[in-house]
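Construct all of the structure, not just a fragment, from the sequences and the given hints.
Chains as they are written, first to last, in full-length UniProt numbering: chain A, 1 to 272; chain G, 1 to 272; chain Y, 1 to 272.
Only true hints are included.
PhoX-like, lysine-lysine: derived pairs with alpha carbons at most 20 Å apart:
| hint | chain 1 | residue 1 | chain 2 | residue 2 |
| --- | --- | --- | --- | --- |
| 1 | A | Lys52 | A | Lys72 |
| 2 | Y | Lys51 | Y | Lys72 |
| 3 | G | Lys142 | Y | Lys219 |
| 4 | G | Lys51 | G | Lys72 |
| 5 | A | Lys142 | G | Lys219 |
| 6 | A | Lys219 | Y | Lys142 |
| 7 | A | Lys51 | A | Lys72 |
| 8 | G | Lys52 | G | Lys142 |
| 9 | G | Lys51 | G | Lys142 |
Everything labelled a hint here was simulated from the structure, so no lab data went into it.
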Amino acid sequence: MISHTSNRDNNNHPPTSTRPPPPEREKKKKLSTHPRPPTTPFLASDHQDSKKHLLLATTGSVATIKLPQLLKALSQTFSPESLTIHLLLTRSSENFLTPADLDEASANPLVSRVWRDADEWAFPSGGVYTRECPVLHIELRKWAHVLVVAPLSANTLSSVIVGRCDGLLLSVLRAWDWGRGGVVVAPAMNTLMWTHPVTRGQVDTLREWGVEVLMPVSKVLACGDEGVGGMVGVEVIVEAAGRRLGISSVEEEEEEEEEEEKVVEVVGRVEG
Amino acid sequence: MISHTSNRDNNNHPPTSTRPPPPEREKKKKLSTHPRPPTTPFLASDHQDSKKHLLLATTGSVATIKLPQLLKALSQTFSPESLTIHLLLTRSSENFLTPADLDEASANPLVSRVWRDADEWAFPSGGVYTRECPVLHIELRKWAHVLVVAPLSANTLSSVIVGRCDGLLLSVLRAWDWGRGGVVVAPAMNTLMWTHPVTRGQVDTLREWGVEVLMPVSKVLACGDEGVGGMVGVEVIVEAAGRRLGISSVEEEEEEEEEEEKVVEVVGRVEG
Amino acid sequence: MISHTSNRDNNNHPPTSTRPPPPEREKKKKLSTHPRPPTTPFLASDHQDSKKHLLLATTGSVATIKLPQLLKALSQTFSPESLTIHLLLTRSSENFLTPADLDEASANPLVSRVWRDADEWAFPSGGVYTRECPVLHIELRKWAHVLVVAPLSANTLSSVIVGRCDGLLLSVLRAWDWGRGGVVVAPAMNTLMWTHPVTRGQVDTLREWGVEVLMPVSKVLACGDEGVGGMVGVEVIVEAAGRRLGISSVEEEEEEEEEEEKVVEVVGRVEG
Ligand SMILES: Cc1cc2nc3c(=O)[nH]c(=O)nc-3n(C[C@H](O)[C@H](O)[C@H](O)COP(=O)(O)O)c2cc1C
Ligand SMILES: Cc1cc2nc3c(=O)[nH]c(=O)nc-3n(C[C@H](O)[C@H](O)[C@H](O)COP(=O)(O)O)c2cc1C
Ligand SMILES: Cc1cc2nc3c(=O)[nH]c(=O)nc-3n(C[C@H](O)[C@H](O)[C@H](O)COP(=O)(O)O)c2cc1C
Numbered sequence: 001m002i003s004h005t006s007n008r009d010n011n012n013h014p015p016t017s018t019r020p021p022p023p024e025r026e027k028k029k030k031l032s033t034h035p036r037p038p039t040t041p042f043l044a045s046d047h048q049d050s051k052k053h054l055l056l057a058t059t060g061s062v063a064t065i066k067l068p069q070l071l072k073a074l075s076q077t078f079s080p081e082s083l084t085i086h087l088l089l090t091r092s093s094e095n096f097l098t099p100a101d102l103d104e105a106s107a108n109p110l111v112s113r114v115w116r117d118a119d120e121w122a123f124p125s126g127g128v129y130t131r132e133c134p135v136l137h138i139e140l141r142k143w144a145h146v147l148v149v150a151p152l153s154a155n156t157l158s159s160v161i162v163g164r165c166d167g168l169l170l171s172v173l174r175a176w177d178w179g180r181g182g183v184v185v186a187p188a189m190n191t192l193m194w195t196h197p198v199t200r201g202q203v204d205t206l207r208e209w210g211v212e213v214l215m216p217v218s219k220v221l222a223c224g225d226e227g228v229g230g231m232v233g234v235e236v237i238v239e240a241a242g243r244r245l246g247i248s249s250v251e252e253e254e255e256e257e258e259e260e261e262k263v264v265e266v267v268g269r270v271e272g
Numbered sequence: 001m002i003s004h005t006s007n008r009d010n011n012n013h014p015p016t017s018t019r020p021p022p023p024e025r026e027k028k029k030k031l032s033t034h035p036r037p038p039t040t041p042f043l044a045s046d047h048q049d050s051k052k053h054l055l056l057a058t059t060g061s062v063a064t065i066k067l068p069q070l071l072k073a074l075s076q077t078f079s080p081e082s083l084t085i086h087l088l089l090t091r092s093s094e095n096f097l098t099p100a101d102l103d104e105a106s107a108n109p110l111v112s113r114v115w116r117d118a119d120e121w122a123f124p125s126g127g128v129y130t131r132e133c134p135v136l137h138i139e140l141r142k143w144a145h146v147l148v149v150a151p152l153s154a155n156t157l158s159s160v161i162v163g164r165c166d167g168l169l170l171s172v173l174r175a176w177d178w179g180r181g182g183v184v185v186a187p188a189m190n191t192l193m194w195t196h197p198v199t200r201g202q203v204d205t206l207r208e209w210g211v212e213v214l215m216p217v218s219k220v221l222a223c224g225d226e227g228v229g230g231m232v233g234v235e236v237i238v239e240a241a242g243r244r245l246g247i248s249s250v251e252e253e254e255e256e257e258e259e260e261e262k263v264v265e266v267v268g269r270v271e272g
Numbered sequence: 001m002i003s004h005t006s007n008r009d010n011n012n013h014p015p016t017s018t019r020p021p022p023p024e025r026e027k028k029k030k031l032s033t034h035p036r037p038p039t040t041p042f043l044a045s046d047h048q049d050s051k052k053h054l055l056l057a058t059t060g061s062v063a064t065i066k067l068p069q070l071l072k073a074l075s076q077t078f079s080p081e082s083l084t085i086h087l088l089l090t091r092s093s094e095n096f097l098t099p100a101d102l103d104e105a106s107a108n109p110l111v112s113r114v115w116r117d118a119d120e121w122a123f124p125s126g127g128v129y130t131r132e133c134p135v136l137h138i139e140l141r142k143w144a145h146v147l148v149v150a151p152l153s154a155n156t157l158s159s160v161i162v163g164r165c166d167g168l169l170l171s172v173l174r175a176w177d178w179g180r181g182g183v184v185v186a187p188a189m190n191t192l193m194w195t196h197p198v199t200r201g202q203v204d205t206l207r208e209w210g211v212e213v214l215m216p217v218s219k220v221l222a223c224g225d226e227g228v229g230g231m232v233g234v235e236v237i238v239e240a241a242g243r244r245l246g247i248s249s250v251e252e253e254e255e256e257e258e259e260e261e262k263v264v265e266v267v268g269r270v271e272g
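Put into structure tokens, the structure is as follows:
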């Protein structure tokens, strides 16, 4: 269900992960499900369909370990007929994902692609940009109806606020059409990072730009401290994404269908 | 005409480009034209002459593909007797330059050096700094009469505004003598990057610091979108550079010479 | 006296230094003095003792070459019974330290550890984070009674101000408990970097957060320029660290002991 995009590393950053490559058999399976060769550039205009498009980004917060849980909740709530998801992983966030997590993500019926920073610079023409090369962060912004950043790290928060854009996620955010809304973030960080003097003003600024901020909750954090900073529950993120995308959950769809059937029955009876 | 400075990579960032090394023959040619071994540090005081010195920087905007055009226009407008150019390439900007572009730059009669981030940390003493090592960004600031950043990316704009300086160009800008002016920038970015809420304030700040901002124009951008964000024409950059440097174009020089000749003639006739 | 922490490079940045590895003999000596295998994570709770804990960070300013002098002054002023020091080196700052400097630091009786950016991501479990992994920047913040950044570079200053935290030192600063104070910084930079329009406001902000800023002094800088920007003398840093930590210098201790002896004598005489 997934096409692993080319991970050729000709961008600004070295790979973070030292984990071993997946076993050969698995790799082959994945390659064989590739809908197109990985060096073919992604064009939003090639992916126009009736589905809603969710760009789901993770950053270097420990809450990224909840990605499998979040994806499971999404696929239990929405049907592949109404929603497609692209994942976008910052380098730091990859430190919190095991190969098993990524395999599980690949198998999720909603997920169709995984993007990494390196993909931004993976030009098909031997690593050199030509006028024909599409710009990935622009294409992703055009493709996505909604961008959810969950978790949002303190570092990415501080970067987006000053307009820094030396990574794929930051570039998508810098090139976002702020007039149309559509960005949801779920900050997650140590309590003291959250109560740091810069945070409040930055969150306020995000809101002024129209971002929906799913405020962190109080809990025992990974570091053992207790306090505000934990990411909201995945169900809150699922709800916000669905609302922003304007799609019904599978349950609602079934209810709607039942309603329609009832209406049809009633109409039938009246007409009949 | 060019001395490729050492590109030994002991700085903070890995190389971005995966393009193959230039063929052996070409390499030899370049080495033989080296005016000095590449590990000799650059000292502004060794390069005092009657010429004007232009530090021309490119950043990771797609408009960097116009560098050949800009250099050609500069060399058609100014003579090598009045102007020397050093290029300064951020890592991202190298993704937009082909080997052929760099060769053409080398062959330009005005260009005498190309600087990259790695050069800042290429200490002659085996990679370790000693008290005798000059500081490249300080030397370049002393050497340059005018700094032109064309194109200026959204990312470099946001970085210079907060005073970030983890790259050669940013360090030159942080160590610039703002009292004396001399900085010209030509922003170039996607329309939505340009209309992003942070941009206007950042451009205003640059102007408060005395920077001449060549405002982007409306055009069909590389990404296919139409709108404001395109880099001004190269002739506008050439004009601004010349004006700031206080040098005449070749044409003006010829006109001046003609004027002088006329004056001499007249004076001669009067006196004669 | 030192345990070199694991330097496995699975973090966001490549190593900066190209200096050759230390000779075999020396390496062995160091390994044999290792108090614990380098992959065992550091937990503040394992290091509770009656000593004061100083986290001493260097950044990419040329004043980092004074680290040996600073450590010497610290060890001449405070006793290993009252003070333990952990060093934290940003990547850039390593360019200013020779292998000999690091050996000398290792031999210093106060220094028990050296931390680098890479250590933040050196998870024991094969490079992948698990819920059991402690978070190094949180542990260091808990361990340290006082954090001294000497020298503080222009770049790190600008980063901490916006809340950026993509490095170990920046993460410690972002997760610092600003309510309790305990941060001392000694800025050091070229005069024009110091007089740059952004600097004053950033220094004021640090002070609002409770940071003690040891203002730079006027001197002939490494780059040959003269002006304000030089790091304060090491004795000023030692004094500030001792005051913040609330520990007496060896001299004061001796004086106190003499005082106590005198008191005992007097008391003895009175009582006797
Ligand atoms: C194909 C492509 C084209 C890009 N074009 C632009 C652009 O025109 N303007 C811009 O500000 N950023 C552009 N970017 C994003 C920058 O390259 C990115 O922010 C980079 O980190 C800037 O680095 P620098 O400012 O250090 O040079 C582009 C990126 C890609 C991959
Ligand atoms: C030889 C040399 C000397 C430098 N000296 C200083 C300095 O004294 N102060 C400063 O703020 N930056 C100085 N810099 C620039 C910093 O090293 C650069 O901004 C770096 O990215 C800082 O990294 P850090 O803040 O992460 O340690 C110097 C750079 C070089 C190459
Ligand atoms: C084990 C570990 C856990 C971390 N957890 C968090 C976190 O929960 N929230 C956060 O904002 N940063 C956290 N950090 C720090 C970020 O990973 C760091 O700032 C990183 O540069 C963020 O990168 P990104 O914003 O580009 O994804 C953690 C770091 C480590 C090593």
